[in-house]
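K.L.:
Residue numbers (my numbering), protein chains in the order written: chain A, 1 to 608; chain B, 1001 to 1608.
In case anyone wonders, no lab produced these hints; they're calculated from the structure. Mixed in with the good hints there might be a few duds.
Straight-line C-alpha distance at most 30 Å; calculated DSS-like pairs for lysine-lysine [as the list claims (entries may be wrong)]: (1) A:529 <-> B:1126; (2) A:343 <-> A:326; (3) A:165 <-> B:1126.
To give an idea of the interface, some chain B residues facing chain A are shown, with a C-beta separation under 8 Å as derived from the structure [unchecked claim]: (4) 1033; (5) 1072; (6) 1076; (7) 1113.
These stretches of chain B come out as covered by chain A in the derived footprint (C-beta under 8 Å, 3 or more residues) [stated by the list, open to error]: (8) 1036-1050; (9) 1062-1069; (10) 1338-1348.
Ideal placement from N, C-alpha and C gives every residue a C-beta, glycine not left out.
There are 2 protein chains.
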Amino acid sequence: MRLSTAFFATLRENPRDAEVVSHQLMSRANLLKKHGAGIYSYMPFFMRSLLKLQNIIREEFERIGWQEVQMPILVPAELWKESGRWDKMGPLMFKLKDRKEGDYCLGPTHEEVVCDIVRSQVTSYKQLPFTLYQMTNKYRDEIRPRFGIMRGREFLMMDGYSFDKDQEGLDVNYDKISEAYCRIFERAQLNFVRVAADSGAIGGDSSHEFHVLAQSGEDLILSTEDKTYAANVEKAECAPPEMTAKLLGTDWGQETSKAFEEVATPNAESIDDVSKLLQVPAHRTIKTLVYQFVDAKKPKETQPVVAYIAGHRSLNEVKLGAVLQKAGFSLLSLQPMPPEQVKDLFQCAVGSIGPIGGPEALRKVRTYFDREIIATHDAVCGANKEGYHLVHVEVSRDVLPLYVEGARKGVDLSTAVEGEPCPQHPENKPYTAHRGIEVGHIFKLGDVYSKAMKTVFTEENGKSKAILMGCYGIGVTRTLASAVEQNNDADGICWPKAIAPYQIQLVTLAKKDEADVIAYADSIYESLKAAGVEVLYDDRDLSPGAKFKDADLLGIPYRLVVGQRGISAGELEFVVRRNREKSALKISGVASGDIQALLKDLQRALEQ
Amino acid sequence: MRLSTAFFATLRENPRDAEVVSHQLMSRANLLKKHGAGIYSYMPFFMRSLLKLQNIIREEFERIGWQEVQMPILVPAELWKESGRWDKMGPLMFKLKDRKEGDYCLGPTHEEVVCDIVRSQVTSYKQLPFTLYQMTNKYRDEIRPRFGIMRGREFLMMDGYSFDKDQEGLDVNYDKISEAYCRIFERAQLNFVRVAADSGAIGGDSSHEFHVLAQSGEDLILSTEDKTYAANVEKAECAPPEMTAKLLGTDWGQETSKAFEEVATPNAESIDDVSKLLQVPAHRTIKTLVYQFVDAKKPKETQPVVAYIAGHRSLNEVKLGAVLQKAGFSLLSLQPMPPEQVKDLFQCAVGSIGPIGGPEALRKVRTYFDREIIATHDAVCGANKEGYHLVHVEVSRDVLPLYVEGARKGVDLSTAVEGEPCPQHPENKPYTAHRGIEVGHIFKLGDVYSKAMKTVFTEENGKSKAILMGCYGIGVTRTLASAVEQNNDADGICWPKAIAPYQIQLVTLAKKDEADVIAYADSIYESLKAAGVEVLYDDRDLSPGAKFKDADLLGIPYRLVVGQRGISAGELEFVVRRNREKSALKISGVASGDIQALLKDLQRALEQ
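Model the full structure from these sequences, guided by the hints.
P.N.:
This is the structure:
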């Protein structure tokens, strides 16, 4: 493409709303045009990258036998009402009416629609398994759309759905898909990590996220350095206390025969204050957290839950949610109980609540102890009386007998941190922390949707059974934004070769009257095109500085510069965008035979 | 793809709502799945055809330097309010609100959005010309969605927009694009015709449609047999009277010196009746049509218009509309005036109205005469009195002096018919009639939208000017439906090779225990795949009859049959789907060297 005939103009200034570097660079490089909050046009050079990524996805899915479909964006409400999600989705879903007052939504995801397809065709186990996927726009009316196309309201997503007759089949499919995902992100030349993820409302441990690593990532990833294990911090298991004792020397205290006693702790408001005042390490103080949740079965009722964790830890809300789900609740919400309500309920400020004593209400509430609490001896906890704490608390002696048996087993409720041993790693190597942008998510759904949508088949034994589903997503436009987020420098984007809009940017420094230089650059351009090289030719009537600046911003991987001086010297400048490595490509002349020699050198350079 | 692992099941029955053959066949062959009125999922094999057609479009547009973009489907109302079309579009446009009560539509077309893109970047003539296009879903809330994806409410459309600094540039662009369209439909192997089309509200004669020819087409196309000229019947010019006189011997009558006189024509209600009764050929009787229209400048007022055409003709409403547009009206509607209103206005039933006599109101109304009326002598017309006609009417003597000068010039208001000479053809060859499905439309927009959307540039002389636009559409999914409409037989689809889901269907007749036949068919499948041939392998556990039936329905261009009998005989059956031509491909054995020989024969056959 000749830039002189292209629709292309770069901006000097970042858009005011561009908070992250990918949004800034993509706006300035004319890759995106905003029309409204979270609503963008994809401009020509971005489209080229997008089509390349889509092709990689198509090829890898074709390899594992997936079949591509396209489901409607405009989805009749009936399907969503059938699954029960029409009301559940809330204002995140765009809804509209047609001229006959029929209800529709703009599909935020397509479990319902794909079930409608499958149930109309599949009757027998003989027709299973298979997987359908699509790459279409999805719609979510985000409260705060931001970061450009990283969190838009309209975005391109790949969503795939697998259909199996049994769990074994689903497991096999899931692993195959997980590998295909890895190949996709590898081929896109992105630094990514596959992480174990919380499986949310569905339960089970079969959910993985794929994160592109970047400083600005919203997610915290904990992984061992060799990446044999990686997890979203929401999911990453804390090292069990015996492991931290052994590997980090954490002292969980000695059993004490002293009875617990109340001591005054005036003005000691934080765990740190209490720890210092009482000379007990923070991890042997017991931190109390009071939350409330709404269960789908009692949607109008707010239920309290109390969690006790070690003082040096932060509560992991996702883990608390998972524990509640496991206990049979279907959570509509989970959040800290407002302080005034805590006081109403337990006649005490949250900072002073402890598992011993206090009002009887405290024992009637659903309660969970972190397993570190179970392991602690000679501990400190709130006295249910402001300005006082209890010391010499033996949890198994003083606390557990007060609670129902279910509460006495410790659970992992804390947020794991960098440096602690990874219990999933064969050698328990320590976690290292990374920031990631979630670009993919795979999930064993089981029969949740197929049951609701009556998507059943007849087994070999003649019985009817709901098909087991998996669902698989890749944020396609988001992956490209995160590629920019991961690959840039002060001057602009450094596209990975595999998803760059073009392979090489040919820049001519010819002045208007240098007909021979222009002709030479033109012939290189034509030869490169003829050789199948994707070349962007900056033949605009602009200064060299302006051209180089635009080239840096746009971030095509390689640059070849043609000017009078280089031709005279018999050398053309070849620059690798990413590391600015310069080399000189020898030219012996401007005849077509010489250009062929140059082309060979160039193609060697491009392959590096 | 192995059919045994594919999501694929054919239907025996046509869906109840499938009126046209493409809808029937595409439903039965599992290419489409309906979810609601005019809302479909595109199934895997259809997607393959769709991607092929999209690739052809991309390649041809890349060749002429078009750049692909993707504009939002969810479009903020502000843009449509700016152009004034927010209210004009009426219920055809899907509208919705976001969580902040902001107004949006689902884009039915994107002139506004593309102007929003261009005006944010283009300032100078130096940046022109260029063309942007996209292939995205479009939305129209049709009153009666039907014919499957031929008239859906959600459909995939290519829409392109060119931007030029002057009319000359736009003309050059338009011709280049028209050629690219021809290459696209040629490469898709469709029998199509490019026709001159009415340019509707915009005026000018620069609009062409591209029609795929098919019996069921909704449009009537008139073209000369050599196709040097073709036009939608809405637009096709009637032969002027001197041409029909010369080439068809049409007798327009001799000038008469008799004064016109009133004769009783009791019970003569139709032109035929009158013609017979008065012994005057139908084309010398004057037919009166009374219409009413609403002009955008007076949107609350209905204005009458009277058209006089020769008795053997039908009025062409589009031509009448064009004449009104040319007279400066911007039509919101144009329709026949209800009979009771005609009677109110002219004190006479519409069948008896004529241009002479009657109430003075008749002369005050906007009136148009077809040029055939002007050429007619000794004519017959209504007497403005029920049961009577006037005979010996000399139009130039008796009629024209009664009307304003503007009305006295004849215009072409009639619908051209098969057989009459084509005035645009160098030898005035006769029109032949075809049915067509409109799949493309190209259009010189001029500055209508760029003015409304302030999409301007600075000319070389420093003045600001609105950019001249062209707009170009291809109904991508509709093109595929029309390909099926054009290419089918009693048993199913006969896909053109270029857009077939697969090139060849390999059918094995192996029984479960014929391991060597299975292995042989498998190895042909793998070899074909390895050779880059797109092969669909029917390895299902079904009877040969069922497999052949499905293959006929799905319509893959070629079929290769592998069975025990063929292997024993040393010949495999090769069938061309379109004409059922069978040939035998010799095989010498089932070793891999023999398969390579077979492959060569096959590839030769596929290229034919």
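K.L.:
Please list, smallest to largest, the hint numbers that this structure does not respect.
P.N.:
3, 10
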